[in-house]
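Numbering (my numbering), first residue to last: -19 to 548.
It is possible that part of the hints are untrue.
Between beta-carbon pairs, the in silico distance windows are [said to hold, decoys possible]:
id : residue 1 : residue 2 : range
1  : Leu163    : Val286    : 23 to 29 Å
2  : Ala92     : Pro299    : 51 to 57 Å
3  : Pro304    : Gly263    : 51 to 57 Å
4  : Val175    : Arg257    : 53 to 59 Å
5  : Ser366    : Arg527    : 45 to 51 Å
6  : Ile243    : Ala164    : 16 to 22 Å
7  : Val175    : Thr23     : 56 to 62 Å
8  : Ala362    : Ala274    : 54 to 60 Å
Please keep in mind that the hints were generated in silico from the structure rather than gathered at the bench. Where is the CB? At the ideal position from N, CA and C, for every residue including glycine.
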Amino acid sequence: MSTAISVLGGVGLFLLGMSVMTAGLKGLAGSKLRTVLTKAAATPLSGALWGAIVTLIVQSSSATTMTTIGLVSAGVLTFPQGLALVFGANVGTTGTGWLVALIGVRVSLTAAALPMIFVGALIKLLGPGRVSAAGAALAGFALVLFALTTLQQGMGGLADQLHPADLPAVLGTTWWAGLYGVLALAVVGLVMTAVMQSSTAAIAVTLSAYYAGAVGLDQACALIIGQNIGTATSSAMAAIGASSTAKRLALAYILFKLIAAAIALVLFPVTIPLLVRASDSIGGVTLLAAYHTAYNVVGVLVLLPVINGFTRLVERILPERGSPLTRCLDAAALVTPIATVEAVRRTVARTLETMCGSLATALSAANQEASVAAGWTTVPAAEAASALRQAQEFMSKVSGPPEAEDEEQKLTSTLHALDHASRLAEIFSEETEFGMPPGGPQDMRAAEVCAEAMRAAASLAAEVAAVPDASDRETQIKLGRAPTQSLNPEKEPAAAGTSNEQALAHLQHCAEALGEVRRDHRKATLGSVASGAVSADEAIARVDAVRRLEALAHHAWRSAVHLAGRSA
């Protein structure tokens, strides 16, 4: 009974210590966590490398994964980039196994752990900001050390009751019996992780059990295979009712674990005898930690070169659903304030692109006296207004204020862009048909300039709304844009190929030109009324129409300026 209490208590303290330490390390990292993840995924290899480093620092693959899901949902990272970070997180999380192997099971640190818990808790309670987070990290680390000592004591008692011969044999028997033993122990490892909801804790138990002599080296390796598969159970449970991005990453995570496990099982008859022979000169616990790391590294190395094809497979299995305008408004992005802002920013950009594209098409058609189907713009107008309302509601749910000055500026710009896009949507939804009634050359000129402004705004918005391109990641971060294919690839925006500054200057010129056209048009129209060429009602209608065109161009320009991170 005392053995079971020691083992369960050690596992509980280990889980508590990891939770406290992770929370402290995340608080200590602050916004740097998402900044590093955002800038690190230039290539799949660098994404996997930095995903491993960040996870090793914060000691939580869940923290890396959840931050990645938010960034992918917001459109800051592509799905392949996010998946590379998750692959790296699987390697980084094996660092705790090395902590257990090199320190935890070899040395009793109870005498040092208890004072560290006191000091860490004191700093946590009394310290401000990041100092408090550092105290939590220290206290959590000390709890982990204390838990390992408790777990080691419990496993010592378990070794008196459990012997490797009591478990299924995996070596030195027939092929079928060995396969049965490996699969049986893998299932046991899977259940251990599923129950504890932590592969790190399950690995710690396995290493402690081996060090105490309760399991053999080969049996411990089989348990590790199952424990790695078991990690996917928490992802599968978390994906129930989650966003499409979270479901895709969960599915990719499960497939990754199954593929890595299949490779480990195929190589099991070759690798385990080598490990057994190496254990004569190298500590078995160290070999198990190395096997755990190598297991995940091999899985990453196999999938990383084919990550684009792998993600396309996942996307075909779980296709994107819902309106493309609001696709970025994913609840997963609410966890990270900057991801929330970016999700709203891209939603505004996509909506602006759709509205301005529709306006440009309709104005050009009306100017060329082509027929525009009645009600052709009713659905886009309703969708655009609905998308912007959802963006406003989504922004109101942000988890907290920005932590950096540049993030605060981006939030302000996004709110301004959302405001001007909403005003444009109001005018957009009021129009029953686009273009000007048959009139003079200035009527045609106003429609022509407005159409040109709409095309320029749509082009700029398309660049902001586009999913980032991994091959040009650093350039995009510096320019604050993502020059890839637009929401509607079949469209060729007029301003494509020009720089942001040139396109913004052109859009501003169109908006200002419309103001001059409106003033000249008003004078000409009043003159036509005075001469009796047009009626007063028709003149008022024409002046109002040009005024609305000017308002459309003005709000499109201001919204595009703020989306690009400029001041208007």
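### Query
Okay, which hints does this one fail, numbers in order?
Hints 4, 5, 7 are the ones this structure does not satisfy, whereas the remaining hints hold.
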